[in-house]
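Q: As you go down the protein sequences, you meet chains S and H in turn.
Following the numbering used here, the numbering of the first sequence begins with 1 at its first residue and continues without gaps.
Following the numbering used here, the numbering of the second sequence begins with 1 at its first residue and continues without gaps.
These are computed hints drawn from the structure, not numbers from a lab.
Quantities reported herein were computed from a predicted structural model and do not represent experimental measurements.
One thing to keep in mind: the hints can contain errors.
Said to hold, decoys possible - Computed, partial: chain H to chain S, Cβ under 10 Å:
#1 W9
#2 V34
#3 L37
#4 P42
#5 T332
To be verified - Away from chain S, derived, C-beta distances all over 10 Å, residues of chain H:
#6 L14
#7 H23
#8 V31
#9 H32
#10 A35
#11 L39
#12 E117
#13 V169
#14 Q227
#15 E267
#16 L270
#17 Q344
#18 E392
#19 A409
#20 T440
Unchecked claim - DEER-style ranges, computed between Cβ atoms:
#21 H:L492 with S:A253: 51 to 59 Å
#22 S:R137 with H:L502: 27 to 35 Å
#23 H:L492 with S:Q157: 55 to 63 Å
#24 H:L18 with S:E241: 52 to 60 Å
All C-beta atoms, glycine included, are put in the ideal place defined by N, C-alpha and C.
Listed below are the residues making up each chain.
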Amino acid sequence: MPAQPLNHPLDELQEAQLARLARLADPLLAGRHLLGAGHRPHRLRPGQGHEFLDHQEYVPGDDPRKLDWRASARSRRPQLRRYRDEQMADWDLCLDCSASMTLPDPGKWRLALQLTAALGYLLLHLGHRVSLLGFHRDCQLLLPPGRGRPHYARLAQRLRGLAPLPSGGASDPQACTPRLADRNPVLLISDLLSGEDLRPALRRLTASGRSLQLLHLIADGDCRLPAHEGPLELQDIETGERRLLSGGNAVEALAEQAFRQWRERLLHYCAGHDIRYTACPTAGAWKDVLMQHLKGLQPRHA
Amino acid sequence: MLSLAAPFWLLGLLGVPLVRWLHRFARQDQVHAVAALFLWRPAASPERQGRRRGPPDPRWRLRALLLAALALALARPVLQQAGPAGIEVWIDDSPSLQTLEGNRTRLQHALDLLDRELAARGASDVWLRSLGNPALRVAWRRDGLHDWQAHWRTPDLHAEPGAQPPPAVLMAADREHWLVTDGADAGLNAWAGQAPLRRILQTGTLRDNVALTRLALRPSLRDDGTQVLVSLHNLGAHQVRRELVLYMDEREIHRTTLDLPPHAAHELSLPVPEPRFGVLRARLEPVDALAWDDQLSVTQAALDPVRVDLDAACPHALRILLRNHPRLRLDTGAMDALPVRCGQTSGGPGLHFLQPVQARSLDQAPRYEPPWPWLEPDWLHTDPSPATGVGEEILLGTREQPLISLHTAAPRRVTVHFDIAQETLVRQPEYPVLVDALLTAVLQRALLDETFVASRPVMESHIAPLPLVTGDRAAAPASRDRMLFLDPYLLLLALLLLTLDLLRARRDEPRAV
């Protein structure tokens, strides 16, 4: 993978900003909305549960009802009693690293990295374990499951050294399937521009009850052509297939129409199969996109 | 003036419109990478709407120019540049050019003639070449009339090779070539008739010449003196009278007057009582126009006895024979003596007599081959099938086995494979002849009959000028013009154009891939 560029996209993610976002998201979600059916609770994150986990020093703002007086007497400092949260899970972050993520401009990849890092932070903040997978035509485990702040540091470092393929590959989500553990919820960050019919890929991803959330990166330039004269040859950056066009506005309009139709089919499928879908315009800021996904209030159509 | 050596290749220029036609579609190097080509499939495709034919790919011009340069290069254009061409003058410096005519040699006359011709032409770039020494190349200077004559060889008294035509590689096509000769050499004349010579200057008129062509001496068979043989030729068309004088060590020993018919050879044999002397010189008096061939001299090599280091194991008969040989002296142990060895093995230089182990007489006589004398089979006792070593040449033998062999590599060694002391052989009169022949083979000298010869080819003394087409020769190519072949420049141009096209193609490669 290439060296970290200057002004890396993750430089825009300040941890204080992420922490604030996590506190905002926490009461909104309480972990429940992030989880789908079939999660596997085995995390050590304290939360709502009955199994004793550990003690934590009291800080102002904590619930005083959770004070453990015996432990506090012993340590001469107020101690909170924490219980194992029975709602934690292993999450898989699948990041599209195919060549299409470089077009039409670096904004798509930038937003993808930022969303991946931010989602990873949120999940880790909520006590979940997070792993990172990069996929194109194949899938590679970039970061094994881990939790806590140290794991976020590892996640951020891994993302900083990551770059999409310059050419080739394919935005094929089902490439992740062999590496996904059953019933692990999956967050897929991709432009999904792998083919006209994504249903087989999504079907495989959601097989065995796996929870899937799609963050669909959308760039306006995907349906734009540069100014040119005479015939223009288009080449798919991933497949290498070429097509000669005569250019002109009519072509772009047709491409936009094709995109809309394709996206409508995608939305329809997601809606019918309990796949959380969020459109992520690359022109938008990562915070806005992330909140939109978390609230789940954005309409499915753009 | 521009001309074409292979105009057929100009047909290649017909490919220029073909190149234009092949580039009839516009450049299709405007390639735009997209994230998803499937979004553009509903767009108009060239197959359905047809291509809009715009101007042809502008690269056709470069490629057409490349094709044209290649076609022209193959046609080999030649630019003939007007102007005085450089001149190479080939001078016949064979012995006949030493003929005196009017107190000057033909060579001097020829050089004078050349000087005038070159001055008349105003030539400045002139080089003089020697047919006898093609590597010699002397710049001609108008004020150096005879300075360059010193460069030409003065033929020795003895035989000289005839005037040889120069190698074709030295006949540069972009220069004029002249020949200065007397026309006396028929072979040279034949070459001159075919060679690309622009001009031939011929000099010489005299036709008569008498030459001494051979002077030889060898030991006399009658006595201890020397027999002298003199050959001379009258190459002229008239009878001449000349005196032949012989000098021995600068002392006149013989003088005779000879009337020589035209075109006739004459031989004179006479005895000289002295068996040993230094130099024998024959001279014709008075000398004629070509004095070079009016004398010959021969030096008689030292006739000191050859020392022989005779092995003690050698048989008595051989020892007696060698001791009594008039040209040998036994000197056992001498460093520079001829080794004569007898024994079971051979090695080292000299004359080796192998002693057979299981000697038996031959079943068949060896093939008769001079200078070996005839030898009967029962005189020769040898081992059955004696073998020769590596590098041995059989000088005498039967079909099955060698009898006398020569070691071809240095040092020289002659090996005798039969019993040299065999009783029957020793008593034969051929025995001393055999041993002398063995000595001749190893020494490469006929000790008993050494001949000393000095000679020259008869044709070297031919001075009569033969007809030659002299003056300017219109058939010679390149006359006064210089030729400049343009194909290398066109090929270089084609190479540059090709490089440029490749660089442009690489620059314009779609970077999206």
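Q: Please name the hints from earlier in the document that this structure breaks, with their numbers sorted from lowest to highest.
A: 1, 5, 8, 9, 10, 11, 24
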